[in-house]
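Residue numbers 1 to 128, in our numbering, belong to the letters of the sequence shown in order.
Do not rely on the hints blindly, as some may be mistaken.
Claimed, not checked - For each label pair, taking beta carbons as the anchor points, the in silico distance ranges come out as:
#1 Arg125 / Asp48: 32 to 38 Å
#2 Gly68 / Ala23: 36 to 42 Å
#3 Leu45 / Arg125: 21 to 27 Å
#4 Leu14 / Ile97: 19 to 25 Å
#5 Ala114 / Leu43: 30 to 36 Å
#6 Leu40 / Leu12: 29 to 35 Å
#7 Ile17 / Gln103: 21 to 27 Å
#8 Leu92 / Arg125: 39 to 45 Å
#9 Val95 / Glu56: 18 to 24 Å
#10 Arg18 / Leu40: 32 to 38 Å
#11 Ile17 / His90: 20 to 26 Å
#12 Arg105 / Ala66: 24 to 30 Å
#13 Gly68 / Ser15: 55 to 61 Å
#14 Ala44 / Ser7: 48 to 54 Å
No lab work stands behind these hints: they were computed from the structure.
Glycine residues also receive a C-beta, built at the ideal position from the N, C-alpha and C atoms.
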Amino acid sequence: MRTPPGSATKFLNLSQIRFPIGAIASIGHRISGVLLLITLPLLALALDRSLRSEAEFEALRDLVSAPGRALLLVVVVWAASHHVLAGLRHLLMDVGIGSRLDQARSSAWAAIVAAALIALAVAARWLS
1 MRTPPGSATK FLNLSQIRFP IGAIASIGHR ISGVLLLITL PLLALALDRS LRSEAEFEAL
61 RDLVSAPGRA LLLVVVVWAA SHHVLAGLRH LLMDVGIGSR LDQARSSAWA AIVAAALIAL
121 AVAARWLS
């Protein structure tokens, strides 16, 4: 398709777009869902391995105790907590609870901050 004469092609600069907080919470919900989908088989294997014996549990714990791997677990905890909190937010809004603009903004902030605090608490616990 050709652009009409005299009109320049426009490119969106995503770094200059200011998303509303509800959109950020919604995008985070989708990203966390994809992360959970990707990591679910690994988590199931880790659970299976950890339940075989105490030695397997200790070996798995040693495997994930490295800082890089612990960071990966903290990201998974963030994904799980954000997905649950944002999902509850969406479900409540679907039935009309908290669907006014001020309430929606507050609940978006609450979901984002609570998920971050849960992830930070797990990081502090895990890395201590």
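In this structure, is the beta-carbon distance linking Arg18 and Leu40 contained in 32 to 38 Å?
-> holds (33 Å)
Ala114 paired with Leu43, Cβ distance criterion 30 to 36 Å | At roughly 22 Å between Cβ atoms, Leu43 and Ala114 fall outside 30 to 36 Å, so the hint is violated.
Is it true that the C-beta distance of Ile17 to Gln103 lies inside 21 to 27 Å, as the hint says?
-> Check passed, 24 Å falls within 21 to 27 Å.
Check the following: the C-beta atoms of Leu45 and Arg125 are separated by a distance inside 21 to 27 Å.
-> Given about 23 Å between the Cβ atoms, the range holds.
Is 18 to 24 Å right for how far apart the beta carbons of Val95 and Glu56 are?
-> Hint violated: Cβ distance 44 Å, outside 18 to 24 Å.
Per the hint of 55 to 61 Å, is the separation of the Cβ atoms of Gly68 and Ser15 within bounds?
-> violated (28 Å)
With respect to the beta-carbon atoms only, verify the hint that Leu40 and Leu12 lie 29 to 35 Å apart.
-> holds (33 Å)
Range hint compliance [Cβ, Arg105 to Ala66, 24 to 30 Å] = violated (39 Å)
Per the hint of 20 to 26 Å, is the separation of the Cβ atoms of Ile17 and His90 within bounds?
-> holds (22 Å)
Consistency of beta-carbon spacing, Ile97 to Leu14, with hint 19 to 25 Å = violated (32 Å)
Is the distance from the Cβ of Ala44 to the Cβ of Ser7 consistent with 48 to 54 Å?
-> The hinted range 48 to 54 Å holds for Ala44 and Ser7, with Cβ atoms some 53 Å apart.
Is it true that the C-beta distance of Leu92 to Arg125 lies inside 39 to 45 Å, as the hint says?
-> Since Leu92 and Arg125 have Cβ atoms about 29 Å apart, the given range 39 to 45 Å is violated.
When each numbered hint is compared with the structure, violations occur for hints 1, 2, 4, 5, 8, 9, 12 and 13.
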